[in-house]
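Colleague: Sequence:
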Amino acid sequence: MKVLIIGGGASGMMAALTAAEQPGNAVTLLERQSRVGRKLLATGNGRCNLTNLDLAATHYHGARPGFAVPALSRFGLDDTLRFFRLLGLLTVADSTGRVYPLSDQANSVLDVLRFALETRGVNVVCSCDVIEVKKKARGYEAISATGERYFGDRLIVAAGGCAGKKLGGTKSGYRLLGMLGHGCTVLSPSLTQIKTDPTHVRALKGVRADALVRLRQNGQLIAQEAGEVQFTDFGLSGPVAFSLSRAAGLLDGAELSLDFLRAYAPEDVDALLKDKRAAMGELPAEDFLSGILPSRLGSVVMRRALGSLQRPASALTDAELTQVRQQLRCFTLPVTGVMGMENAQVTAGGIVTDEFDPQTLESRLAPGVFATGEVLDIDGDCGGYNLQWAWSSGRLAGMLGTREETV
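Numbered per numbering that gives the first Met the number 0, the sequence shown spans residues 0 to 406.
No lab work stands behind these hints, which were simulated from the structure alone.
Any given hint could turn out to be false.
Unchecked claim - Only pairs whose alpha carbons sit at most 30 angstroms apart, straight line, appear in this in silico DSSO-like list of lysine-lysine:
| hint | residue 1 | residue 2 |
| --- | --- | --- |
| 1 | Lys-165 | Lys-133 |
| 2 | Lys-170 | Lys-1 |
| 3 | Lys-1 | Lys-135 |
| 4 | Lys-134 | Lys-1 |
| 5 | Lys-133 | Lys-170 |
| 6 | Lys-204 | Lys-164 |
| 7 | Lys-133 | Lys-164 |
| 8 | Lys-164 | Lys-134 |
| 9 | Lys-275 | Lys-204 |
| 10 | Lys-170 | Lys-134 |
| 11 | Lys-170 | Lys-135 |
All chains should be modelled from the sequences, with the hints used to inform the complete structure.
Modeller: Quick look at the structure:
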């Protein structure tokens, strides 16, 4: 059987390798860019966070997030680690559960996948921009921008989402599946930086800090994440901001509240600040939070709490220390939006999942057509969840509805 796959990203390569395991299949993988897996190289800041030890379904989103469960259940964490170990990749998990290659280099992940494609006889065609797909008498035909035609008895669309255009993000997958009758939800950026009122962040560009960040709207808690944040001249970046960006981008009038001392009880902070006042003596109040926060962040927090800092630390009153504590525990930033698709790592939204069988990922509208990864209306939190969805969905689609696991 001829198997045609459009898209050489993570899910496309996984689908190709899986289909190639089945005797009698001739697999062709079409990739729009000059090489496969380019976007994979940028994941995890070039380290490739390929999965997570905690794969709870709550980490996935979409109109029907439960759609992802069958694929994730059939090819989960242990299956993924075993699959890559058999390809020769060693992995390691950090303290947060994120799994990386032992080499700490995304190239290691891509290399073992490329080598496997070669050894399993997959026909990889790069610089092939598919602009049209057609239903034929017994299969499907893909036509490239330069006129080449490719046939498959089965067609797998793994063209990804439109986030990160510089790394290969495209709307072609939505367009091609649309030609076969499929609909698409509203698309929005996810795993991107959050924009805030710049008043208090502009001076903090590049500063990193640990914080519990709460996203609120009209006083109601919408979501919260803890970990590293990085200030930019327009707002917040870093893993925590990425995790909250999906929700933040859908809200009007929201704000972020940062707690820089999340591990401390209020009374412990009060005692700490009084001890600092006694220890600092006649040193300037601007430096009061040295040893607690990065110096620039400490100065901004103090200025926001007290206004003028032209006096010694010993002159701070108990009431003023309370104001400092409040800023340390609730440093608020009004949200003005999120960065767009150009900067996003993942697309929220995609092809309507109700139009596919979650047990096989085969189209209900076009038999013999399968879809994987980001092109579907499933996206995950920051932390390896989107790549796990790519591996799981690619594996399931590559089985071509056989319902027989071959890990």
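Colleague: Each of the hints needs a verdict: does it hold here or not?
Modeller: Now for the hints, and whether the structure bears them out:
{"no.": "1", "hint": "Lys-165 to Lys-133", "result": "28 angstroms, holds"}
{"no.": "2", "hint": "Lys-170 to Lys-1", "result": "25 angstroms, holds"}
{"no.": "3", "hint": "Lys-1 to Lys-135", "result": "13 angstroms, holds"}
{"no.": "4", "hint": "Lys-134 to Lys-1", "result": "14 angstroms, holds"}
{"no.": "5", "hint": "Lys-133 to Lys-170", "result": "18 angstroms, holds"}
{"no.": "6", "hint": "Lys-204 to Lys-164", "result": "25 angstroms, holds"}
{"no.": "7", "hint": "Lys-133 to Lys-164", "result": "26 angstroms, holds"}
{"no.": "8", "hint": "Lys-164 to Lys-134", "result": "29 angstroms, holds"}
{"no.": "9", "hint": "Lys-275 to Lys-204", "result": "27 angstroms, holds"}
{"no.": "10", "hint": "Lys-170 to Lys-134", "result": "20 angstroms, holds"}
{"no.": "11", "hint": "Lys-170 to Lys-135", "result": "24 angstroms, holds"}
Figure legend: structure checked against the earlier numbered hints; every hint is met.
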